[in-house]
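Protein chains: 2
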Amino acid sequence: MKIELENVKPMDIERRSFEIITEELKDRRFPKEQELIVKRCIHTSADFDYADNLCFSEGAVEKAIAAIKRGASIVTDTQMAKAGINKKVLSRYGGEVLCFMSDEDVAEDARRQGRTRAAVSVDKAAALGKELIFVAGNAPTALVRLYEHITEGDFYPALVVGVPVGFVNVVQSKELIMETDVPYIVARGRKGGSNIAACICNALLYMMDSDRGY
Amino acid sequence: MKIELENVKPMDIERRSFEIITEELKDRRFPKEQELIVKRCIHTSADFDYADNLCFSEGAVEKAIAAIKRGASIVTDTQMAKAGINKKVLSRYGGEVLCFMSDEDVAEDARRQGRTRAAVSVDKAAALGKELIFVAGNAPTALVRLYEHITEGDFYPALVVGVPVGFVNVVQSKELIMETDVPYIVARGRKGGSNIAACICNALLYMMDSDRGY
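Chains S and Y, in that order, give the protein sequences.
When we follow the working numbering, the leftmost residue of the first sequence carries the number 1, and every step to the right adds one.
When we follow the working numbering, the leftmost residue of the second sequence carries the number 1001, and every step to the right adds one.
Simulated from the structure, these hints should not be mistaken for lab results.
All C-beta atoms in this analysis are idealised placements derived from N, C-alpha and C, irrespective of residue type, glycine included.
Certain hints may be false.
Think about it this way: if two alpha-carbon atoms lie no more than 25 Å apart in a straight line, the pair counts; the simulated DSS-like pairs of lysine-lysine are [said to hold, decoys possible]:
1. LYS1039(Y) / LYS1002(Y)
2. LYS1124(Y) / LYS9(S)
3. LYS1130(Y) / LYS1088(Y)
4. LYS1087(Y) / LYS1124(Y)
5. LYS1039(Y) / LYS124(S)
6. LYS1087(Y) / LYS87(S)
7. LYS69(S) / LYS32(S)
8. LYS1063(Y) / LYS1130(Y)
9. LYS87(S) / LYS39(S)
Distance windows between CB atoms, simulated [unchecked claim]:
10. LEU128(S) / GLU1179(Y): 48 to 54 Å
11. PRO31(S) / LEU1005(Y): 29 to 35 Å
12. GLY94(S) / LEU1005(Y): 46 to 52 Å
13. GLU58(S) / TYR1156(Y): 32 to 38 Å
14. SER1091(Y) / PHE30(S): 41 to 47 Å
15. GLU1033(Y) / ASP103(S): 33 to 39 Å
16. ILE3(S) / GLY1153(Y): 16 to 22 Å
17. ALA107(S) / SER1091(Y): 38 to 44 Å
Listed next, the stretches of chain Y that the computed footprint assigns to chain S, with coverage defined by at least 3 CB atoms under 8 Å from CB atoms of chain S [said to hold, decoys possible]:
18. 1016-1025
19. 1058-1064
20. 1081-1095
21. 1121-1132
22. 1148-1162
23. 1170-1178
24. 1194-1200
Work out the full structure, taking the sequences as your base and the hints as a guide.
Following this line, the structure appears as structure tokens:
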């Protein structure tokens, strides 16, 4: 078989990818502020399920962008998502990306209490007393703990990105978040992951970054 | 709607997840040494396409494990994959995880030469003159450059994990690698990503880690 490479310059690869995604989405239309997020999730996964499974609470994107502009930080439950989020754009507004999953005190509390490190991480985030975006790319237990905090009224993130992936309580944990009045972006169902978590954050940040010209 | 959470202890979540994956794969059978890799990719993505798209060259898993035991390092084209790979198990055998994508010399060469940083990173890996596993979770251009090195005979990785994701030259770059005689694990088609890249490395490392009891 003759394998033919498409001749695309490095700087044009992303643009060409988005053209292909747009072509294959055919006549699917998305609200303007959601479109880039949906397409970027497809771009990062090559999985068109994200055209159907992403759910946005009303005004979620605007609220998230406003929070970032006020200097909100991002807390995530995976080191991979932390590695993937664009710190440069976020830091322009004063925010940083935090992940407590490898912290010794979190591991210790989790062991002692028989809870997941992700659930303990949510408590640690809540205790910061700061405006935060919480990004769950791995652990449904993070979303369940967030649900408890939100319904008890003692921690209310500016946005919950709820995209854990998997088979145990993942579907349910996302539905719980969508029952609250917290601003959310959720990938309904089993799919998600640290790549999708980082991607959604970056889509928000790139929308705020006129250098990128979206 | 009443949302019911499954009562699974933190330490049992992964095992329960693998049970569900095994159930849903029904009568699908995989060669013993590939099974854990396939299931772990499904676990990390909730995407059963990986039951069909993962391709292994003959003896790839055994060759990779032998290389890690000899102290081979892992070079990857994404910081996210680097963040996700289990450094603890790898370091027991003397290997480390490297990613050159943010290196200033790589960025500079890429700019000057009109190439991608991923392609330049492959050259930097080749110049190390060490036994390496090359893991492409992002850039098809890394695989194309590896193909050139392999066919020219000046760099021959112990294993190529070829799982870039996307729409431009991704499919072709994987087919190129599968035309060589290099040991490979490739996710045929458009899918892959840094999560899958890290996951395949971790599956190999966990097979070598009797503590995990697989």
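Which earlier hints can't be squared with this structure? 1, 5, 12, 13, 17, 19, 21 and 22
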